[in-house]
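Q: Sequence:
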Amino acid sequence: MRVELHITSGSRAGQQELLEMPLIRIGRHPANDVRFPPELDTDVSGMHCEIKVIGARLVIHDSNSTNGTFVNGERVREDHPIYDGDVIGLGAHGPQLTIGAAAARPPEATRVESHRDARASVAAPVGSGRLDTQARVAIAVKEQTHSLRAMVIGLAAIVALVVIGVVAYGKRSGDKAEQNLKAALARNDSLSALVAQTVGAMKGKVGGLDSALALSKAEGNKLRSELSNGSKSTDFAQRVIAAENRQRQLVSAAQLDYEAIAAKSSPAIVFIAVQLPSGKKVSGTGFNVLPSGLIVTNKHVVQDENGGAAVRIAVEFDKTKAAWMPGHVVKVSETDDLAWIKIDREGPFPSVAGVSRTPNIRVGIPAAIIGYPLGNSTAGMEGDISSLHAVSTLGVATVSKVLENVIQFDAFAAEGSSGSPIFDSRGFVIAVLYGGAAESGGRIIYAVPARKLADQMPAEAQGIIR
Numbered sequence: 036m037r038v039e040l041h042i043t044s045g046s047r048a049g050q051q052e053l054l055e056m057p058l059i060r061i062g063r064h065p066a067n068d069v070r071f072p073p074e075l076d077t078d079v080s081g082m083h084c085e086i087k088v089i090g091a092r093l094v095i096h097d098s099n100s101t102n103g104t105f106v107n108g109e110r111v112r113e114d115h116p117i118y119d120g121d122v123i124g125l126g127a128h129g130p131q132l133t134i135g136a137a138a139a140r141p142p143e144a145t146r147v148e149s150h151r152d153a154r155a156s157v158a159a160p161v162g163s164g165r166l167d168t169q170a171r172v173a174i175a176v177k178e179q180t181h182s183l184r185a186m187v188i189g190l191a192a193i194v195a196l197v198v199i200g201v202v203a204y205g206k207r208s209g210d211k212a213e214q215n216l217k218a219a220l221a222r223n224d225s226l227s228a229l230v231a232q233t234v235g236a237m238k239g240k241v242g243g244l245d246s247a248l249a250l251s252k253a254e255g256n257k258l259r260s261e262l263s264n265g266s267k268s269t270d271f272a273q274r275v276i277a278a279e280n281r282q283r284q285l286v287s288a289a290q291l292d293y294e295a296i297a298a299k300s301s302p303a304i305v306f307i308a309v310q311l312p313s314g315k316k317v318s319g320t321g322f323n324v325l326p327s328g329l330i331v332t333n334k335h336v337v338q339d340e341n342g343g344a345a346v347r348i349a350v351e352f353d354k355t356k357a358a359w360m361p362g363h364v365v366k367v368s369e370t371d372d373l374a375w376i377k378i379d380r381e382g383p384f385p386s387v388a389g390v391s392r393t394p395n396i397r398v399g400i401p402a403a404i405i406g407y408p409l410g411n412s413t414a415g416m417e418g419d420i421s422s423l424h425a426v427s428t429l430g431v432a433t434v435s436k437v438l439e440n441v442i443q444f445d446a447f448a449a450e451g452s453s454g455s456p457i458f459d460s461r462g463f464v465i466a467v468l469y470g471g472a473a474e475s476g477g478r479i480i481y482a483v484p485a486r487k488l489a490d491q492m493p494a495e496a497q498g499i500i501r
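The sequence shown runs 36 to 501 under my numbering.
It should be emphasised that the hints constitute simulated quantities derived from the structure, not laboratory data. Virtual Cβ for every residue (Gly too), placed ideally from N, Cα, C. Hints may be right or wrong, so weigh each one.
[Said to hold, decoys possible] Have a look at the derived ranges for each label pair, beta carbon to beta carbon:
#	residue 1	residue 2	range
1	M56	R501	49 to 59 Å
2	V94	S313	56 to 66 Å
3	M360	K87	35 to 45 Å
4	H96	E55	51 to 61 Å
5	A472	S44	39 to 49 Å
6	P383	G135	55 to 65 Å
7	S368	K87	39 to 49 Å
Please model the entire structure based on the sequences and the hints provided.
A: Here's what the structure looks like:
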């Protein structure tokens with residue numbers, strides 16, 4: 036049976052897959068038959084779900100995904116039949132696919148109910164009375180009706196004038212608002228062109244920058260289409276302003292010399308493999324601050340949710356294949372999501388250029404983040420930890436909020452990014468990533484300010500503070 040999958044939302048919206056195979060795998064991992072970009076569709080798991088062809092039937096099976104698989108808005112937990120027109124959701128807020136050329140839906144019994152109202156007719160008796168009295172009543176009613184009619188006509192005229200005035204004012208206001216919206220869209224186009232010029236030279240070198248540009252262009256095209264079709268939603272103006280702000284952030288982000296930051300800093304980035312007391316194996320990111328081997332990462336990378344310490348820790352420096360070295364935790368913060376790992380091998384090892392105690396952080400400034408989002412799914416794409424080739428991802432980040440104990444960035448992150456350093460234009464660490472807003476799909480992240488890291492740095496590593 037040939038199965039048509041029409042992708043209606045997400046980064047691949049508008050695309051179609053035609054497949055003729057007994058098992059169709061869907062997810063972010065390269066081994067899937069229908070693959071979604073890992074840096075864009077973060078609601079989708081590596082191996083999210085499977086569609087099975089059983090004779091003339093189709094069933095969908097959730098592959099233990101993080102955010103669940105939905106059919107027509109309802110989450111499925113076991114094999115679930117699917118038919119023409121059914122909508123598959125990869126997570127509650129993730130991409131959606133519509134089934135085509137599949138099995139027809141079986142007819143469902145319908146029930147028709149009829150209701151009859153039994154109404155009794157009551158005949159009013161005709162009374163007799165003096166005709167002159169009836170005539171007087173009729174005349175009075177006629178006069179009252181005439182007065183009411185005149186009043187209604189007068190009110191209608193007033194309402195009509197008010198409506199005409201409101202429409203005229205609304206049209207003037209609407210024309211002005213539409214002109215403002217068109218001007219904002221034009222600014223978006225100009226900003227997009229500026230970004231395109233800068234990004235063209237770094238395509239494939241900075242994770243997420245070219246894809247962010249593509250998304251931004253798609254967003255602008257959608258807004259222009261809505262404007263031309265006259266089908267603007269109530270939040271249209273806010274969406275245009277938000278799109279313009281994102282474009283400006285991209286322009287700002289594109290000004291950083293990412294290649295210089297990567298050349299200076301990526302050799303000090305490490306992939307961390309951890310076995311927790313329960314036997315569960317997790318991964319994270321860290322960065323080295325001493326030639327003798329002292330790595331900074333997150334506390335939650337080396338401890339379970341109950342505070343149980345890792346049973347085993349191994350680290351591998353960036354772009355070194357299967358060069359695993361054992362390590363052990365020497366310090367965890369009592370106040371912040373920070374931990375320090377000592378490498379149980381002799382150095383020297385590459386270290387970052389510095390940790391800035393007082394970085395110039397303000398909303399809108401660009402930064403670079405280096406780490407391993409999606410863990411071993413992106414670090415070399417080889418999967419097997421014994422042969423892993425640690426290759427970090429360099430991504431774009433812009434500051435979106437600055438608080439006393441946390442800095443919020445707009446950036447891409449996913450499981451495996453925990454512990455990633457965030458660098459300024461000088462290549463100094465200004466924050467340490469530890470989590471993100473669940474509803475943002477990995478696009479809003481939180482980080483420990485470098486000041487907090489500097490205050491708790493072990494004595495032997497104080498020389499790295501700048």
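Q: Does each hint fit the structure? Answer for all of them.
A: So, going through the hints one by one against the coordinates:
no., hint, result
1, M56 <-> R501: 49 to 59 Å, "holds (56 Å)"
2, V94 <-> S313: 56 to 66 Å, "violated (33 Å)"
3, M360 <-> K87: 35 to 45 Å, "holds (43 Å)"
4, H96 <-> E55: 51 to 61 Å, "violated (19 Å)"
5, A472 <-> S44: 39 to 49 Å, "violated (20 Å)"
6, P383 <-> G135: 55 to 65 Å, "holds (60 Å)"
7, S368 <-> K87: 39 to 49 Å, "holds (48 Å)"
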